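**Q** Once you've looked at the hints, dock chain Z against the given chain C.
Top to bottom, those sequences are chains C and Z. Residues 585 to 1098 in our numbering are what the first sequence spells out, letter by letter. Residues 585 to 1098 in our numbering are what the second sequence spells out, letter by letter.
Among the hints, a few may not be true.
Stated by the list, open to error - Pair by pair, the computed Cβ-Cβ distance ranges are:
{"no.": "1", "chain 1": "Z", "residue 1": "Arg848", "chain 2": "C", "residue 2": "Ala663", "range": "34 to 40 angstroms"}
{"no.": "2", "chain 1": "Z", "residue 1": "Lys971", "chain 2": "C", "residue 2": "Ser1003", "range": "55 to 61 angstroms"}
{"no.": "3", "chain 1": "C", "residue 1": "Thr922", "chain 2": "Z", "residue 2": "Glu1031", "range": "43 to 49 angstroms"}
{"no.": "4", "chain 1": "Z", "residue 1": "Gly885", "chain 2": "C", "residue 2": "Glu1031", "range": "55 to 61 angstroms"}
{"no.": "5", "chain 1": "Z", "residue 1": "Thr672", "chain 2": "C", "residue 2": "Asp1058", "range": "44 to 50 angstroms"}
What the hints assert, rightly or not - Sample of chain C residues lacking proximity to chain Z, with all beta carbon distances greater than 10 angstroms (derived):
{"no.": "6", "residue": "Asn730"}
{"no.": "7", "residue": "Glu851"}
{"no.": "8", "residue": "Trp903"}
{"no.": "9", "residue": "Glu912"}
{"no.": "10", "residue": "Pro914"}
{"no.": "11", "residue": "Gly942"}
{"no.": "12", "residue": "Ala943"}
{"no.": "13", "residue": "Thr1001"}
{"no.": "14", "residue": "Ala1025"}
{"no.": "15", "residue": "Asp1062"}
{"no.": "16", "residue": "Ile1071"}
Claimed, not checked - Derived coverage of chain C by chain Z (criterion: at least 3 residues anywhere in the stretch with Cβ under 8 angstroms from a Cβ of chain Z; other residues may be distant):
{"no.": "17", "segment": "713-726"}
{"no.": "18", "segment": "809-823"}
Just so you know, these hints were derived from the structure itself, not from any lab. All values reported here derive from a predicted model rather than from experimental measurement. Cβ coordinates follow ideal geometry from the N, Cα and C atoms, glycine included.
Protein chains: 2
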Amino acid sequence: MRADERRTAEGILFTDQYQLSMAQLYFRQGLHERPAQFDHFFRRYPDYGLHGAGYCISAGLAWLVEWMREAHFRAEDLAHLRAQRTRTGEQLFADDFLAYLQQTGGFESLSLFAIPEGRVVHPHVPLSMVRGPLAMAQILETALLNQLNYQTLIATKAARIREVSHGALVLEFGLRRGQDRGANAGTRAALIGGADFTSNVGLSSTLGLPPKGTHAHALVQVFLALGQSELDAFRAYAEVYPDDCLLLVDTVNTLESGVPNAIRVFEELRAKGHHPVGIRLDSGDLAYLAIQSALLLDRAGFPDTTIVLSSDLDELVIWQIQTQITQEAPRYGADAATILRRLVYGVGTRLVTSHGEGALGGVYKLVAMHDGTAWQPAIKLADTPEKLTNPGLKAAWRLYDARGFATADLLTLADETPSQAERLSLRHPNDYARHRTLEHAALSGMEPLLVEVLHEGQLVHELPPLAAIRAQRDADVDRLDAGVRRIVNPHIYHVSLSQQLWDLKQTLLAQLGG
Amino acid sequence: MRADERRTAEGILFTDQYQLSMAQLYFRQGLHERPAQFDHFFRRYPDYGLHGAGYCISAGLAWLVEWMREAHFRAEDLAHLRAQRTRTGEQLFADDFLAYLQQTGGFESLSLFAIPEGRVVHPHVPLSMVRGPLAMAQILETALLNQLNYQTLIATKAARIREVSHGALVLEFGLRRGQDRGANAGTRAALIGGADFTSNVGLSSTLGLPPKGTHAHALVQVFLALGQSELDAFRAYAEVYPDDCLLLVDTVNTLESGVPNAIRVFEELRAKGHHPVGIRLDSGDLAYLAIQSALLLDRAGFPDTTIVLSSDLDELVIWQIQTQITQEAPRYGADAATILRRLVYGVGTRLVTSHGEGALGGVYKLVAMHDGTAWQPAIKLADTPEKLTNPGLKAAWRLYDARGFATADLLTLADETPSQAERLSLRHPNDYARHRTLEHAALSGMEPLLVEVLHEGQLVHELPPLAAIRAQRDADVDRLDAGVRRIVNPHIYHVSLSQQLWDLKQTLLAQLGG
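Next comes chain C alone, as it looks inside the complex (with noise of 0.2 angstroms):
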């Protein structure tokens, strides 16, 4: 794509047509200033195949924020959508509405609420409300979907594989498996939920971390096909890196050349005073190869080596490596405990194509409408009770138990203060039969999710840097019941509604015969 066609294809422009058409109307019906909230919200978690999440970590909002501050009808945008006709060929968007465009520049009139970035985040919480004049509210859906779906996804996978990964480093190498410069967002958010570095070296750079990588077989079948060997191509690698000395072992044959060239480079390399980095398995079975070079690392006098594995790892395909392991490592007298620990994972494909489930099914429903007196909710009718929407300007909190452990998300009406109350009564969002009371002296807390982030276009919240999300990742992972954490069958959050909310819903429903 040239850059003048990049600008187009990434600019205000990146939205669905009916965003478009719908905001002509509402401007031709005069509703296109009048206020209006959209909530932002997943229905379920991501479900992999044969296993799913407990538990989403939020990603994405600060480039969705950085891009709001950015699009703008321009010029070249707005003869794009001049020149569009309709079926009797006259101009689609008429010449008023353009100059509305025009005149009203971007997003600057919109105000947007968000939970911030690294939190844990559960089904029908909003992760983000989008208040403000109806037209341009319309027009953002598309590219909010885009950016906080696909980053919150991406940082999801990324929080499963750390969670087995049991403080193991674990490496994003997907760049190459993305969806063109998308994979970007996938790096970032993989780095926010539980990668600690990546291979891709551009975005890695802008965050100010160190990429990560040392060589591929290319180096070996370079020196292979001019004559030399795979040894000559490791003495080749560890004379230019001594102190970063990682070798990819697979190349020729693991067992039988790559791990002894390996040891004898490293054993050059210690008669020079330096410290071998370790190796890399890209192919074969895994958790045999770990095991056997381990073996042979020891027996050379490299314990302290790591050993990197990749090659369409995931979280289950990195439990399977793990259990075999320690299962198998005994029978060669070696220690399971002691081999999972030099590991690292490189994960590639099925971290940034979120293996099993490559989107998040995140909406946008409107909830509420200014009539010019007051807020109007609004519901989204839907045969399965599921698909129904919670109505209203609406607040989220979390709710923390005796022990400290998130106990629950409440949905509420934003001027509830059920921090005040003393008794709550939650409610299942959809059925009827579910509800419960808790006491508040029973709880060891209580907080808002949602902040302010953008007021009118201007931002009055802080978008805090990559190591700020992270502890906020781990503080709220924390936080979580072990159940929630498994990775397979996890428990289930719950997710309530206040009594006040509920009543509101069924109201609605009941006029709107539902």
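**A** Relative to chain C, chain Z alone:
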């Protein structure tokens, strides 16, 4: 991401760290300018879980070429590299290497050979080949894989959806569910592979295609929240878009409210001399609702209106809907074929994420190195025969049988002239026992598949517009056997090696002890 960060993350540092580590090693060894050739190919068709593709459609080339011509080492990029440190705190990339990168600029030294966009492509046949100085050819790997793999993946999924749509219009709606701005690449690839139009305003505008879309549930919700009705919303829509009136009918209740209200508005439009376009169904039992809606529209005298279906469609879901309509329509006295002809398919999430297989496993492997005197073939060893590479400088040919159908793709050494041979020997890529002989006289034609696109950085091949790419796609798909086009359990298309290439491969394997 800020604009300056974007330039870093999307420019020449859109690569993996190990490419740069290897490049510096080649530089130290004096190998960096040595001519090398890498082949890019995939090893198997996408497998969507319970069904798999029988062919792929190539896409992504034009954007890759534009990226290669733009990307270069800027001062900021070099500063990021200069800032990297070894484990002992020294500068990781030395100044002489960085000076070399700066002087080299970008990919101007590389030649790129590729199969043009829109062509049917198969495993093991190089989609692209890169020839030129080793260091820069190595650095290109990540971006090339990223751009060609994803677009080819999506063009392939779109071709499958087109295959089951039997001439019905296919609309791409996936922008909100793609990976950040990478969704634009998905839109483009969908339009190459099989979608007729897209809802993506910006990208569609750059291609000169009208974007498609009418309204969402939000429009009806706005009217309901303000105390008005679905009918009021539809009337407002018809007033603004009298000749483009396509109404979403499932916000309240499809058959009780949506379709009757749409019909009322259509009657009002007709009375004013306009032609209503149709309705869209976005939830529920789409096949049943399509039949019932068609009956209602027919009875009201609107047999020519369109019925757009959306909601997690893919090739299997569409096929199931068609089958159900075919079986169920007669029970209601409706003609199934007539209903099927008025359907339009809106496909979003499952197209842009290639549901079931979110990545094409295309790889980029060294196949030859120049030793200063001559090209030396390179091979990648592997435990599994399917992972072996095909060595040397090669050409790829497509062979057409007497009916004019593609019967096999043939890989030969670059200096072979199979088009002049009387008899062709076709070897299975890995299985010694499988080979056949073809008489040239039995073929109706034979063509080389790759063209030189960049010659030492200069564009030497015209990159065709979308319409020409689509015409190429149609021509190629038309020349496929029906069995290869099946969406479930397709017939295996033959990809073969020439006897000379087979012999070279065996010789190298024997030499390397593989």
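**Q** Determine for every hint whether it applies to the structure shown.
**A** A quick look at each hint next to the structure:
As the Cβ distance of arginine 848 of chain Z to alanine 663 of chain C is approximately 37 angstroms, the hint placing it in 34 to 40 angstroms holds. Against the hinted window of 55 to 61 angstroms, the Cβ-Cβ separation of lysine 971 of chain Z and serine 1003 of chain C comes to about 60 angstroms, which satisfies the hint. Roughly 59 angstroms separates the CB atoms of threonine 922 of chain C and glutamate 1031 of chain Z, a value that falls outside the hinted 43 to 49 angstroms. About 59 angstroms separates the C-beta atoms of glycine 885 of chain Z and glutamate 1031 of chain C, a value consistent with the hinted range of 55 to 61 angstroms.
Between threonine 672 of chain Z and aspartate 1058 of chain C the CB atoms are about 30 angstroms apart, so this pair departs from the stated range of 44 to 50 angstroms. At roughly 5 angstroms, the least C-beta separation between asparagine 730 of chain C and chain Z is not larger than 10 angstroms, which violates its mark as non-interface. Every Cβ of chain Z is farther than 10 angstroms from the Cβ of glutamate 851 of chain C; the closest lies at roughly 19 angstroms, confirming the non-interface assignment. For tryptophan 903 of chain C, the requirement that its beta carbon stay farther than 10 angstroms from each beta carbon of chain Z is met, with the minimum near 21 angstroms.
For glutamate 912 of chain C, the requirement that its beta carbon stay farther than 10 angstroms from each beta carbon of chain Z is met, with the minimum near 19 angstroms. Annotated as non-interface, proline 914 of chain C keeps its C-beta farther than 10 angstroms from every C-beta of chain Z; the closest such distance is 26 angstroms. Once the 10 angstroms rule is applied to beta carbons, glycine 942 of chain C is inconsistent with being away from chain Z; the minimum gap is 3 angstroms. Its beta-carbon lying about 4 angstroms from the closest one in chain Z, alanine 943 of chain C breaks the requirement of being farther than 10 angstroms from that chain.
Every CB of chain Z lies more than 10 angstroms from the CB of threonine 1001 of chain C, the least distance being 25 angstroms, so the non-interface label holds. Listed as outside the interface, alanine 1025 of chain C is consistent with that label: its C-beta sits roughly 39 angstroms from the nearest C-beta of chain Z, beyond the 10 angstroms cut-off. Non-interface call for aspartate 1062 of chain C relative to chain Z: holds, since the shortest CB-CB distance, roughly 29 angstroms, exceeds 10 angstroms. For isoleucine 1071 of chain C, the requirement that its beta carbon stay farther than 10 angstroms from each beta carbon of chain Z is met, with the minimum near 19 angstroms.
Counting residues of the segment 713-726 of chain C whose beta carbon lies closer than 8 angstroms to any beta carbon of chain Z gives 4, which meets the minimum of three for the stated coverage. Given a C-beta distance limit of less than 8 angstroms, the hint that chain Z covers the segment 809-823 of chain C holds, as 6 residues qualify and 3 suffice.
Going through the hint list in order, the structure does not satisfy hints 3, 5, 6, 11, 12.
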